[in-house]
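Residue numbers (this note's numbering), protein chains in the order written: chain A, 1 to 361; chain B, 1 to 361; chain C, 1 to 228; chain D, 1 to 228; chain E, 1 to 229.
Derived from the structure by calculation, the hints contain no laboratory data.
Do not take every clue at face value.
[As the list claims (entries may be wrong)] Below 20 Å or equal to it, Euclidean Cα-Cα: the simulated EDC-like pairs (lysine to aspartate or glutamate) are:
#, chain 1, residue 1, chain 2, residue 2
1, D, K123, B, E114
2, E, K158, D, E83
3, C, K123, D, E83
4, B, K167, A, E206
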Amino acid sequence: MNLSLDIRHSLPGFALDVQFDAPSGITALFGKSGAGKTSVVNAVAGLLTPDAGRIALDNSVLFDSRQNIALPVHKRQIGYVFQDARLFPHMTVEANLAYGSRWAADRPGPTLAELCGLLDIAHLLARYPRDLSGGETQRVAIGRALMSRPRMLLLDEPLAALDASRKADILPHLERLRDELAVPMLYVSHSVAEVARLATTVVILENGRVAQTGPVGDMLSDLQMVRQIGVREAGAVLPARVVAHHADGLSELSVSGGRLFLPRTALAEGATTRVRILAQDVILASDVPRGLSALNILPAQVTDLRAGDGPGVICQLRCGTDHILARITRRSAEAMGLTPGHDVHAVIKAVSVDPVDVGRG
Amino acid sequence: MNLSLDIRHSLPGFALDVQFDAPSGITALFGKSGAGKTSVVNAVAGLLTPDAGRIALDNSVLFDSRQNIALPVHKRQIGYVFQDARLFPHMTVEANLAYGSRWAADRPGPTLAELCGLLDIAHLLARYPRDLSGGETQRVAIGRALMSRPRMLLLDEPLAALDASRKADILPHLERLRDELAVPMLYVSHSVAEVARLATTVVILENGRVAQTGPVGDMLSDLQMVRQIGVREAGAVLPARVVAHHADGLSELSVSGGRLFLPRTALAEGATTRVRILAQDVILASDVPRGLSALNILPAQVTDLRAGDGPGVICQLRCGTDHILARITRRSAEAMGLTPGHDVHAVIKAVSVDPVDVGRG
Amino acid sequence: MTAWLGPDEWQAVALSLRVAVVATLISLPFGVAAAYALARWEFPGKQLFNGLIHLPLVLPPVVTGYLLLLAFGPQGPAGRFLEAAFGVSLAFRWTGAVLAAAIMAFPLMVRAIRLALETVDPKLESAAATLGAGPRQIFLTVTLPLLLPGLIAGAILAFAKAMGEFGATITFVSNIPGETQTLPSAVYAFLQVPGGEAAAMRLVIISVIVSMGALLASEMLARRVARK
Amino acid sequence: MTAWLGPDEWQAVALSLRVAVVATLISLPFGVAAAYALARWEFPGKQLFNGLIHLPLVLPPVVTGYLLLLAFGPQGPAGRFLEAAFGVSLAFRWTGAVLAAAIMAFPLMVRAIRLALETVDPKLESAAATLGAGPRQIFLTVTLPLLLPGLIAGAILAFAKAMGEFGATITFVSNIPGETQTLPSAVYAFLQVPGGEAAAMRLVIISVIVSMGALLASEMLARRVARK
Amino acid sequence: SGAMADTRVFAAASLKTALDEVGQLYRLETGNGMVAAYAGSSVLARQIAQGAPADIFVSANTDWMDSLDTAGQVRERMDLLGNRLVVITGASGSTPTGGPLTIGTGRVAMAMVASVPAGIYGREALTSLGLWDDIEDRAVQTDNVRAALRLVAIGAAKSGIVYQTDAMAEPRVQIFGTFPEDSHTPIIYPAGLLTGARSESHAFWQFLQSEAAQEVFRAHGFLIPEVPE
Ligand SMILES: Nc1ncnc2c1ncn2[C@@H]1O[C@H](COP(=O)(O)OP(=O)(O)OP(=O)(O)O)[C@@H](O)[C@H]1O
Ligand SMILES: Nc1ncnc2c1ncn2[C@@H]1O[C@H](COP(=O)(O)OP(=O)(O)OP(=O)(O)O)[C@@H](O)[C@H]1O
Ligand SMILES: [Mg+2]
Ligand SMILES: [Mg+2]
């Protein structure tokens with residue numbers, strides 16, 4: 001399933017002019033507050049009718065200003081988790097969820113019981129929305145949208161109000177939806193960690209326009225992107241394969257550049273996945289270091305160096321056939337005499353690969 | 001200024017029974033969704049009248065069920081940034097901000113112009129709230145609360161809807177309020193990074209009760225806390241002093257265990273501050289390692305080791321007079337033969353000390 | 001009790017109740033439709049339509065009754081049409097009293113429903129749309145339930161107004177005992193003769209009790225609905 | 001134009017306008033207070049109070065007028081008190097017409113304001129309280145402005161009702177040309193004589209134009225206020 | 001017989017008490033029924049003009065009957081009743097002095113002098129007695145004559161001008177004086193058998209003119225006009 005979008009719309013003091021293609025999987029819409037993310041998502045849902053343009057989901061045209069097509073919202077079969085949950089105040093949580101399934105398409109999807117367990121909302125079923133806390137509200141809203149078994153799911157910062165452990169509970173389910181049901185998603189988020197884990201494609205909006213777009217791996221290991229994403233969150237995403245699970249709780253994965261030891265993943269041996277390695281979690285060493293607590297040491301070659309405004313340098317390395325990024329100080333770069341072509345060792349702490357950052361491939 | 005709180009309140013299906021003291025500075029209220037954070041904050045603001053208990057700000061009693069005192073909300077002079085911004089829909093952004101200052105106490109505080117610059121809302125002044133995006137709304141709400149120059153500020157997840165760069169813009173101002181105006185704050189957050197940077201005291205709520213409470217340094221370097229906070233976010237906060245700023249963009253700080261090189265901070269030489277070192281950003285080495293891109297290598301001594309459920313081990317180290325945490329794999333711990341009393345070297349990447357994690361002491 | 005009120009008076013009470021209930025029920029769907037159109041749509045002549053609905057509130061009731069008589073009387077164009085097409089005759093019938101009461105109560109009903117409608121957040125309706133509900137279904141499952149307190153208020157207001165309507169009714173359908181003599185018409189007749197005050201007051205008290213009871217019931221109902 | 005209506009009729013138009021405007025303005029603060037009490041407070045006898053306010057809607061206007069006469073007439077207790085204490089006399093005065101119009105329009109006004117009040121989110125009021133605004137200030141700066149569309153609607157509804165009020169007015173203050181002869185009284189008088197219909201209609205048209213104009217203006221005003 | 005439909009009489013509201021009694025008498029004597037709809041003469045006349053299902057119309061003044069007559073709606077017509085115009089005061093007020101009619105100080109309650117019959121007669125009489133200029137500014141005009149009666153009864157007006165029939169039925173007032181018969185147009189309540197009247201209503205039409213009916217009317221203070229020729 002492929003969403004292609006090309007819209008123009010102007011509001012007083014703000015102009016939207018956005019084109020992108022979102023292939024199967026999850027497309028992350030990323031951008032600062034006020035960049036136009038919600039507006040784009042609303043256009044897909046049909047809640048905002050752009051001045052001009054075209055939006056299509058595979059062969060089904062949702063909107064086309066030239067052909068004068070604008071499919072009504074309720075016929076689009078597009079689920080929407082709103083930034084402001086919008087639960088129905090006159091219905092219990094249970095009725096809100098049931099409402100979601102009322103006009104659901106005949107498609108496989110999670111049951112009410114499954115969703116309750118997953119979102120930890122079973123104890124809230126009899127309550128009315130005004131008796132829920134902020135996070136509870138959002139969880140129910142996610143549940144309601146999933147109950148409608150949509151062709152595509154729009155999520156507008158759905159996890160912003162959730163704590164880390166609830167986030168971690170929900171993310172796998174979104175992944176499963178993406179993979180098993182092939183429900184494509186447009187996912188608005190401020191969190192690179194979420195984006196890196198979930199997204200197949202990243203679209204970066206800046207001031208109503210697409211600043212960058214591309215597959216998540218390329219985007220996150222692109223030196224140009226470091227600026228957009230913020231230095232703290234920059235890092236590469238590598239395809240990997242689970243080789244073995246070890247008795248001491250580590251899983252061994254192979255990447256093109258060698259072996260990585262990570263905290264045990266739930267994936268079966270042989271499964272493919274991807275791991276995210278933050279630039280700042282990589283230490284470079286001239287020689288193979290010894291007596292270190294870090295388990296993962298991969299040989300690599302410097303391919304590019306880019307100095308920022310500060311004291312840092314982003315170093316792009318070829319590691320096998322993939323690229324990884326390392327963020328080091330200029331002082332270290334000079335001390336080690338790093339230049340493109342230089343051979344180094346990338347030291348990566350096993351534990352620095354976030355479980356959240358090991359998604360399915 | 002000291003907030004002391006001891007309240008009991010029951011809702012259908014939920015009971016609140018919370019006692020804590022919040023000394024000057026920022027007290028972080030931390031806990032899962034539905035733990036009762038908003039309820040506690042509401043009680044302090046006077047929006048929820050507990051069944052029983054007492055709330056006092058220094059010598060001024062806000063609520064005392066025995067003495068039958070319940071100061072009306074508007075007399076409490078307590079600012080509140082709501083989880084749902086609650087801007088006045090019939091006023092422009094400018095009028096909303098002006099409203100905040102209308103009954104402001106005669107106390108120093110930021111001006112409208114300062115706030116506009118800080119929160120990047122100057123271009124929104126003429127708009128009405130319904131024409132704002134989610135993040136814009138929240139920024140204006142923060143501005144409005146600050147305009148009222150409160151004795152104490154309550155913030156209910158004020159930054160959840162903001163992107164990293166806006167967050168980073170606002171945080172220093174909250175710090176400045178805390179330090180320069182000594183405005184104490186009760187800060188509800190899901191983000192340990194925010195908490196670690198801002199908070200003096202941490203209160204962890206679990207299911208309507210206080211699970212843990214204490215000064216932020218102790219809490220974050222306490223091995224017991226690792227579980228509450230989540231392994232990814234565990235780490236120590238060390239008091240530090242700025243020694244020098246170097247030409248290559250690094251600042252040199254002294255901590256009790258030695259010297260740290262960080263990306264340049266805005267602090268003057270000689271200023272005291274604190275730095276947060278995440279457990280997972282620390283690599284242990286048996287000998288002083290050479291040829292590494294990591295600049296910070298401090299001698300340390302293992303004081304405690306705690307194995308988790310997974311393959312990881314949290315290692316508490318004495319480093320000077322402070323404690324730091326390191327998270328390593330069990331495999332490494334065994335390979336290095338780590339036991340309490342063992343001398344090691346803690347390798348910390350300069351850049352792994354987040355600018356956000358360098359707060360004022 | 002039968003001694004307290006004569007049979008004619010009991011008949012008037014029964015007729016008034018019937019007229020008010022039927023008028024309220026019949027006008028409810030029209031009231032909702034009109035309120036919806038006014039609250040949610042923009043169309044040419046909207047203000048004219050709005051004015052027309054409010055006309056009975058503004059006109060002296062006698063004038064409204066007279067206009068009804070001219071239009072729906074046996075000689076009136078609408079009256080003839082209804083008679084010819086459906087065999088329905090309104091003038092000097094209790095059905096005519098229903099029409100008069102409904103028309104007089106209509107502006108109050110529409111007002112109440114419209115105000116309630118304007119407070120239903122369209123965001124909730126668009127949320128329902130994304131869940132696959134069509135316009136009609138959204139209306140039935142989201143808008144209408146949220147509207148309910150206002151709807152109840154509007155209906156009861158209309159009922160009370162219909163119970164008390166006099167001027168238009170007596171002018172349109174006269175004051176024929178057993179057919180068109182409503183409670184207020186009976187009160188009027190009593191007030192026209194010396195010494196009729198006591199009988200009139202008895203009827204007024206009954207009317208007040210009924211209307212107040214309805215009002216009270218609506219308050220409680222609306223509260224129950226809203227508290228959910 | 002002067003030929004179209006006689007001087008007496010023009011007087012009646014002017015008087016009706018004066019009565020309706022004054023009645024609306026005077027009852028507005030009471031209407032807001034009553035609506036506030038009903039929407040926001042719980043107190044013993046609340047339903048009784050609510051019923052009392054709605055009484056004029058339910059009672060035949062003539063009865064309301066008669067009760068007013070009994071209370072505020074020259075011999076009535078309230079009338080004597082007002083006369084003695086303030087030298088104010090209401091019966092057979094235009095001020096009495098104001099009272100009658102205000103009382104008849106009051107339930108409509110309170111209803112509209114109350115419905116609007118119930119839609120003002122108390123969360124906004126508590127937000128204002130945390131910013132230091134006291135209850136009175138919250139009311140003036142948050143509640144009232146948010147209430148404005150409903151307030152305008154209520155006021156105009158009351159105005160229209162007051163313009164059209166006849167039964168209670170004529171019963172309470174009679175029909176004294178130049179003093180208490182309102183537009184509806186004049187219409188009534190014309191309708192009493194054969195062939196008076198044309199003159200009556202001229203007055204009705206004026207009345208409709210005025211009320212419709214007010215209604216239209218209120219719609220636009222309310223919309224301007226709400227769109228902000 | 002029970003099969004006969006009730007005669008439908010549209011009558012001026014002020015006739016209610018008397019006509020209801022006549023109706024009862026009619027039922028007693030003949031076993032047939034009469035149903036009366038009471039409202040203002042103007043309302044009833046307009047309804048009849050618009051085709052109301054009435055058999056007999058009794059108006060409080062001749063104008064409305066004339067207008068129906070002109071329109072060809074009246075088959076047979078008679079002057080059914082007459083009345084007198086009186087000045088009343090509260091029951092405790094000063095007692096009549098005899099001599100020429102005077103009206104005391106204070107407000108004078110009367111029906112609308114331009115449109116309601118009792119008011120029209122009243123102004124006519126006052127004018128011919130030279131009292132109108134004095135009264136005009138004190139006149140409190142009501143929408144119907146009963147309201148004027150009520151104002152005097154509860155003391156809101158010192159005196160009032162009403163029909164003799166009204167004054168007789170209200171214990172809280174007393175008749176202070178009676179206007180000379182020649183000071184105003186004769187007060188006539190015309191009755192008309194309408195063109196659309198059903199045949200069964202003829203019996204009641206006859207009964208209205210019977211001695212028994214007239215007795216009832218007289219008892220309520222009405223006059224029975226002499227039938228010409
Ligand atoms: N009715 C309007 N009139 C003028 N500007 C508007 C209007 N509605 C939205 N905007 C502006 O459009 C821009 C995009 O809004 P949008 O809600 O799409 O942003 P966003 O990327 O979702 O931001 P956030 O992350 O804060 O939710 C914002 O700058 C906003 O101020
Ligand atoms: N009226 C009510 N009736 C019953 N339970 C309620 C009511 N209001 C709140 N609660 C419950 O009280 C608990 C605490 O709510 P509170 O809003 O304080 O949570 P919170 O810690 O702020 O959560 P979040 O992070 O999701 O905003 C929740 O479990 C909530 O479901
Ligand atoms: Mg948004
Ligand atoms: Mg909360």
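Given hint E206 (chain A) paired with K167 (chain B) - CA-CA distance at most 20 Å: The given pair, whose Cα atoms are some 17 Å apart, holds under the 20 Å limit.
With the threshold set at 20 Å, check whether the alpha-carbon distance from K158 (chain E) to E83 (chain D) stays at or below it. 18 Å, holds
Does the structure keep K123 (chain D) and E114 (chain B) at a Cα separation of 20 Å or less? Answer violated: K123 (chain D) to E114 (chain B) is near 28 Å, above 20 Å.
Given the proposed pairing of K123 (chain C) with E83 (chain D), does the C-alpha separation stay at or below 20 Å? 57 Å, violated
Taken one by one, the earlier hints fail for this structure at numbers 1, 3, listed in ascending order.
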